[in-house]
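> Keeping their order, the protein sequence lines are chains F and H.
Mapping of the first sequence onto the numbering used here: residues 1 to 92, in sequence order.
Mapping of the second sequence onto the numbering used here: residues 93 to 396, in sequence order.
Hint data in this document are derived by calculation from the structure and do not stem from the laboratory.
By construction, the Cβ of each residue, glycine as well, lies at the ideal position given by its N, Cα and C atoms.
It is possible that some hints are incorrect.
Incomplete in silico selection of chain F near chain H, CB under 8 Å [to be verified]:
hint, residue
1, 6
2, 14
3, 39
4, 42
5, 45
6, 51
7, 66
8, 79
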Amino acid sequence: MVRRYGRSYETGLLLLFFLRTKPLALFGWRRAGFALWRRGRIRLLPEKIEGIDGLRRIIAKAETFDLPQEAVERPTITDTVGYAAIGLGASS
Amino acid sequence: MRYTYYPGCSLHATGVSYDKSTRAVFEKVGAELVELEDWNCCGATSYTSVKKTVAYAIAARNLALAEKLGDDVVAPCSACYYVLNKTRTHMAEMPELKEQVNASLAEAGLECNMTVPVRKPLDVLVNDVGLDRVAALQTNSIADFRPACYYGCQIVRPYGAIDEDPEMPMSMEHMFTALGAHPVDYPPKVRCCGGMLIATFPDVAGQLCDDLIDWAVERGANCIVTVCPLCQANLDLLSMNRKRNGNGAQRRIPIMYFTQLIALALGSTPEEVGLKHGLVPVEIEAPRLSNAMVGTSHAHGEEA
Numbered sequence: 001m002v003r004r005y006g007r008s009y010e011t012g013l014l015l016l017f018f019l020r021t022k023p024l025a026l027f028g029w030r031r032a033g034f035a036l037w038r039r040g041r042i043r044l045l046p047e048k049i050e051g052i053d054g055l056r057r058i059i060a061k062a063e064t065f066d067l068p069q070e071a072v073e074r075p076t077i078t079d080t081v082g083y084a085a086i087g088l089g090a091s092s
Numbered sequence: 093m094r095y096t097y098y099p100g101c102s103l104h105a106t107g108v109s110y111d112k113s114t115r116a117v118f119e120k121v122g123a124e125l126v127e128l129e130d131w132n133c134c135g136a137t138s139y140t141s142v143k144k145t146v147a148y149a150i151a152a153r154n155l156a157l158a159e160k161l162g163d164d165v166v167a168p169c170s171a172c173y174y175v176l177n178k179t180r181t182h183m184a185e186m187p188e189l190k191e192q193v194n195a196s197l198a199e200a201g202l203e204c205n206m207t208v209p210v211r212k213p214l215d216v217l218v219n220d221v222g223l224d225r226v227a228a229l230q231t232n233s234i235a236d237f238r239p240a241c242y243y244g245c246q247i248v249r250p251y252g253a254i255d256e257d258p259e260m261p262m263s264m265e266h267m268f269t270a271l272g273a274h275p276v277d278y279p280p281k282v283r284c285c286g287g288m289l290i291a292t293f294p295d296v297a298g299q300l301c302d303d304l305i306d307w308a309v310e311r312g313a314n315c316i317v318t319v320c321p322l323c324q325a326n327l328d329l330l331s332m333n334r335k336r337n338g339n340g341a342q343r344r345i346p347i348m349y350f351t352q353l354i355a356l357a358l359g360s361t362p363e364e365v366g367l368k369h370g371l372v373p374v375e376i377e378a379p380r381l382s383n384a385m386v387g388t389s390h391a392h393g394e395e396a
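Let's have the full structure, built from the sequences with the hints guiding it.
Shown next as structure tokens:
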């Protein structure tokens, strides 16, 4: 969303979230969505910044400093959390 | 007094009345707000969890643009306030991060040296303008308001916007007392409203908001005033869905921005402060209301 427009687009973000995770939950938001729209609090179209090309270059450069999450080495704790902590078997 | 105004994405959408009322208050107290040109999303609180350096870099772009103007940045949204301050602090504490962020910003010809502070409107009104001056500018009575002052969790820690006890801030209470309103004792003033859990785990956020409104109603408040657009949206949505309880007492109350109430006291009209955007109407029944307030109550009459 930020890469595309430079600003967050609440309506689109929520729609995308629900469509990707729990589409049926959208029905539960009908009344709230209508109320917000009626009170002028929902933008129908996203805003796009003028310097979007520069922002995309900033993002592209910054991404080179971020390792993919899968490649990040994390410490594994197996004996002081979960069931292992109370002697009911070690977690994997 | 001149400030660089960073509205953030929500003040152009669900928090539109915060935008209107902040501008109205600053105009009334004679402080100039210059909107940061071509600002971008601060990344909010979630971007850092996905891509750390990118999150800092997009927030730092705003700081770099603001440094060109040189004035203090005013960020009404609590998440924006938190993220921009976090970026400033972490860039100052971690030279490697600063180097990476500035290398990214250089792609667009920018550089961030953390020279401008990021502040909340509440801080500016209390510490730069002063309660005495705000009270001296009052033209309308707000004596019939009994606000529950709700600060939320992001402006008191870890980057306290107001120099007070983070567990028991009192700035808004002092402000509204000076303006003649009657703020109620409201212990959960810095509890979380659930934030974006309203979308991901609505049962959890719903319960948190329910508790916050229950506290306010039980303490005799007739509105909740807040400083955060996400808190306002969450509480407003939940308050809208509440009914009157068995004995007829009002179980839902309007959720206002603190700037709306101050602007009304300083003579702004309900239209100017965006009262029409609230999901629960402002219906203060006492007879000493200004004509403008009565008009707003009638305009929302179907909600009674």
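> Look at each hint and say if it fits the structure.
Going down the list of hints, with the structure as the test:
no. : hint : result
1   : 6    : 4 Å, holds
2   : 14   : 6 Å, holds
3   : 39   : 5 Å, holds
4   : 42   : 7 Å, holds
5   : 45   : 11 Å, violated
6   : 51   : 5 Å, holds
7   : 66   : 5 Å, holds
8   : 79   : 27 Å, violated
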